[in-house]
Amino acid sequence: MSLDARLVVSRAKFQLDLPLTVESGEVVALLGPNGAGKTTALRALAGLIPLEGQNRQGGNVRRGGKGGNAEKAARDGQGRVGQGGEGHGEQAEQAERDAGGDRAERGELGERAGGYVTLDGRRIDGLPPEQRRIGVVFQDYLLFPHLSALENVAFGPRCRGVDKGEARRAAAEWLELVGLAEHARKKPRQLSGGQAQRVALARALVTEPRLLLLDEPLAALDARTRMDTRAHLRTRLASHPGATVLVTHDPLDAMMLADRLVIVEDGAVVQVGDAATITSRPRTDYVARLVGLNLYRGVASGHTVRVSEEFDLTTADRGEGEVFVAFPPAAVALWAERPEGSPRNTWPAEVAAIARHGDSLRIELTGPAPVAADVTPAAAVDLDLAPGRHIWASVKASEARSYPA
Amino acid sequence: MLIRAPWSTLPQRLTEPGVLAALRLSLLTASLATLLCLALGVPLAWVLARSGLPGLRFVRALVTVPLVLPPVVGGVALLLVFGRRGLVGSWLDATFGVSLPFTTAGVVLAEAFVAMPFLIISVEGALRAADARYEEAAATLGANRWTAFRRVTLPLIAPGVAAGAVLCWARALGEFGATITFAGNFPGRTQTMPLAVYLALEQDLDSAIVLSLVLLVVSVGILAALRDRWLTA
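Taken in sequence, the protein lines are chains V and G. Its first residue numbered 6, the first sequence is counted upward by one per residue in this note's numbering. Its first residue numbered -17, the second sequence is counted upward by one per residue in this note's numbering.
Among the clues, some could well be false.
Pairwise CB distance ranges (calculated) [claimed, not checked]:
{"#": "1", "chain 1": "V", "residue 1": "ALA360", "chain 2": "G", "residue 2": "VAL41", "range": "53 to 63 Å"}
{"#": "2", "chain 1": "G", "residue 1": "ALA114", "chain 2": "V", "residue 2": "ALA225", "range": "16 to 26 Å"}
{"#": "3", "chain 1": "V", "residue 1": "ALA410", "chain 2": "G", "residue 2": "VAL41", "range": "56 to 66 Å"}
{"#": "4", "chain 1": "G", "residue 1": "LEU35", "chain 2": "V", "residue 2": "PRO392", "range": "53 to 63 Å"}
{"#": "5", "chain 1": "G", "residue 1": "ALA114", "chain 2": "V", "residue 2": "ALA186", "range": "53 to 63 Å"}
{"#": "6", "chain 1": "G", "residue 1": "THR77", "chain 2": "V", "residue 2": "ALA186", "range": "56 to 66 Å"}
{"#": "7", "chain 1": "V", "residue 1": "GLU213", "chain 2": "G", "residue 2": "GLY107", "range": "54 to 64 Å"}
Hints in this document: simulated from the structure, not taken from any laboratory. None of the values given here were measured: they were computed from a predicted structure. Using N, Cα and C, we set each Cβ at its ideal position, and we do this for glycine too.
Isolated chain G, as found in the complex (with noise of 0.2 Å):
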């Protein structure tokens, strides 16, 4: 890909508005999709890691399918679910006039239906591996559920969460099939850089090529920086 590079285009090419648009869209809904699932995910994780709840392994189940399921599979299931005549989708509609498929919503939510597994699976990891006790002391000096997790496990779990947050934050923003499947192909609107460089492909190789790197460098840069700071604390 680096020799293939058109390299004396590269500033127009790199300047091109539908490339930045999409690099601030795949950043943006990649990050949006990653607060999603930590505050869905991480509260899902306790659950499954303690509660001890009936019924447990066929949520975990359900948890990882999103990881073995072809994302465009995932897709067609979200605009079932959230289609305008879908089952949430419908009552959506009536009662908040929300629609989201086709839009930077509809974005966020394929993507976080794809990257959720990853985070959910390490955090699950970290609480298996932290020790249910300490939440028990807590309890002993009087903290209730919530503030043992939240001033106790959480701190204890924090390397576990950081690198479940940066897994799911790198699929998602990588995320192609249940994007363009749920969410469509809209420049500026939903089109993220894996769907630009899809688009790109048809057209005019040497975009594409162009569009790959900058995905490329951009991923590989914040994945070595997040690294550094927060896996080998």
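With the rest of the complex left out, here is chain V (with noise of 0.2 Å):
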């Protein structure tokens, strides 16, 4: 076990608590939309933002048995109701938390942290981020802008007492290894988005971190470029021995570079798996709309699953209880008039919205679930397809998964 954490984060109108384990050679995303707290975490992990002792957070009472989301969903209810009746652990807790809140007003953030950060066995959330031996490669780089990219890459060597000779001939070394040799002696303003993203990864593994922090490593890059830096950074961590933790709100970037996928929304997680998984069997809407999927909570009985009162689908998979089903737009059919033959899956729906979707158009759906449907632009027009037309939709039983909530 190499990175093992937990990261708690309270700010004002945010709460982050986000369990978090990383295997030495593995690289784990963060997938989230923006405001998630990903990039929270990350900082967390840096040390950027402090942990606090569990003790002062009353963390034993709050890490006794409850999972995460409980506990977060329990401080939701009490930080918006106070819930005074509910007894005197509750109050008193309640009470610890408000003090806390009022510390952290007064300190430098205003952020309240918890929880803790265990690097290979060791504890490490009580050291400064100039002793945690982490790489950080951040959203725009910070390259010192007054450095060369020689210089930038030589300057965690020399910060950790290498001599400067031997720090430059490190640098160089990493330089040339991302391809970046001829352009040593130049200024951070000087080169392009790619390559001064590759200094500051050349910056960041110099040091030999344990640890190894991306925050959206990609997003500052055009898309050509995007996709030569994505080639290169995988080969990098690929070979990178400690653990690594990247940030990311591009589906495409965490299961190109990613070993393990964990989705974060609202400074909780909502699902871990590997991509595989995370593509096939999505558990939020969110996660549904990234990888393109149309997604639906109901109750199973068999091959059928109730999603609600007047709208019932039927499966290829058997199942009982709380069940997601999952199929893509692609799946879905469209027509004009009631189809004859299957009864099975088929339902009147308004049409909303028509959108381009590669190839194809992308047709969202009202009706007794909203649902996406991709045609060709030729069925589109022979539908006669517009806002407000009213049409009937199908989908084959075997195009439709299912799998337990």
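Mind assembling these two chains? They're in different frames, but the hints should get you there.
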């Protein structure tokens, strides 16, 4: 076990509670929408948001038994209504939290953090960033503008007591490794976005960090550079022996670069898994939209899933109880009239919006449930599709997969 | 001033020993005061801009007081603190046998006191404009706060520091009120150019004009040179 952490940060309108484990050599991506708390988590790992001790947080009470989400929900509930009548324990906890909040407001960042960070079995959450032996690639790289590419990369070794010549040699080696040997003397403003990204990566890796943190490493690049840099980053990460945590809101980056995905929404983990699991079995609307699937939650009884009172779906898999049903938009067929034959999975719907989606058109439908359907432009013309048009939609049972919620 | 200047006797008046001594003392004390301001002011500006400690508003107000205070009042305050019977002065006298008032060191102190706000305001502004995340990046690379400040922050804010130092130096060069109150007016020891001008004004108008001209030429010359070298870089 290389990295084992639980990151708890509370701010006025935001709670982050994120358990995270990363093996040596493993790349884990924190994937989530903007504002989900991914960058906050990364800053907490880096020590840029100081983690406070659990005791000061009243951590013993809160860490006992309950899972992260339940705990968070309980905290949210208390934060809103106070729940004064719930008993002494709750009230005491509330008071303690209020006191903590006051402390934090007087503090530097107005932030309060808790939990722990363990790296190779050693607690590092008490250490300042410079003693953590980590490497960080920031979203906009933050290359020192007054230093050349070489001096930027040599900065880390110099700070760790390596003599000047040796540091420069190591920096030159790394610039060679990321393919920028001939740009060593350039200042950051003379580098292109892709080159700056590589310098930033070299600068982070030259210190041989036990933990590498990447914050939206490709977000600042244009589409073409992004593809090249992503491939380059992939090779570099594969040869990095330490643990890597990558923060991104781009599912493609996450799936290409990471061994495991941790989906973060509103400061909490909603799903963990490898790319294949996440893409085939999304568990929230956000993930479903990311991977382009229609997702419903319902109660299964054999092959039939009751999504709502007037909407049943027949699925390929058998199930009982609470399940998710997912199917791709391309599996939805549209008809001008009620189709003959297979009566299952057919429902009347109304066209809400039409948008280009690759070579086809994506039709957003309202009806018993919101559905996205992909049709060819020819089919759209045939059906005379326009917003407000009433049509029939159907999905083959074999395309609809269900899995336990 | 240029019109009224006694051009015919200018060479003699300029070579009078008092003029050169006053000019040398002025340049020396202004430069030393600027160095003192840099040594004290840059760290203080950093604390004001970055530390987020409680009570900073009060400290900031205190730092800028010399801007609005009449310099003579500043001189009186310095006398009360550093005078032979002052709070710090009596201790200095007793411990080290050092007495600051009416010495060249006293001139430097008085000038630094009055000129410090110019440097601090300038440097604090530069620090606030500089991206604090560069310091964070330096920290993740293993730099402690001092290394990060020296190797990253200071180079980034160098133009602001230079501008502040120039302003500070110019203010120190022209300092009159606090100097005459705290350090007195002894030729060769505490008589800087502004004091010499004031003294000459009471005896000989032409001498006062010449001294003023010299101060004007020297200040404009040096400021112009520094501006070209540092501020437009």
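Against the structure, the hints come out as follows:
no. : hint                            : verdict
1   : V:ALA360 x G:VAL41: 53 to 63 Å  : holds, 57 Å
2   : G:ALA114 x V:ALA225: 16 to 26 Å : holds, 19 Å
3   : V:ALA410 x G:VAL41: 56 to 66 Å  : holds, 58 Å
4   : G:LEU35 x V:PRO392: 53 to 63 Å  : holds, 59 Å
5   : G:ALA114 x V:ALA186: 53 to 63 Å : violated, 32 Å
6   : G:THR77 x V:ALA186: 56 to 66 Å  : holds, 60 Å
7   : V:GLU213 x G:GLY107: 54 to 64 Å : violated, 39 Å
The structure is inconsistent with the numbered hints 5 and 7, although it conforms to all the rest.
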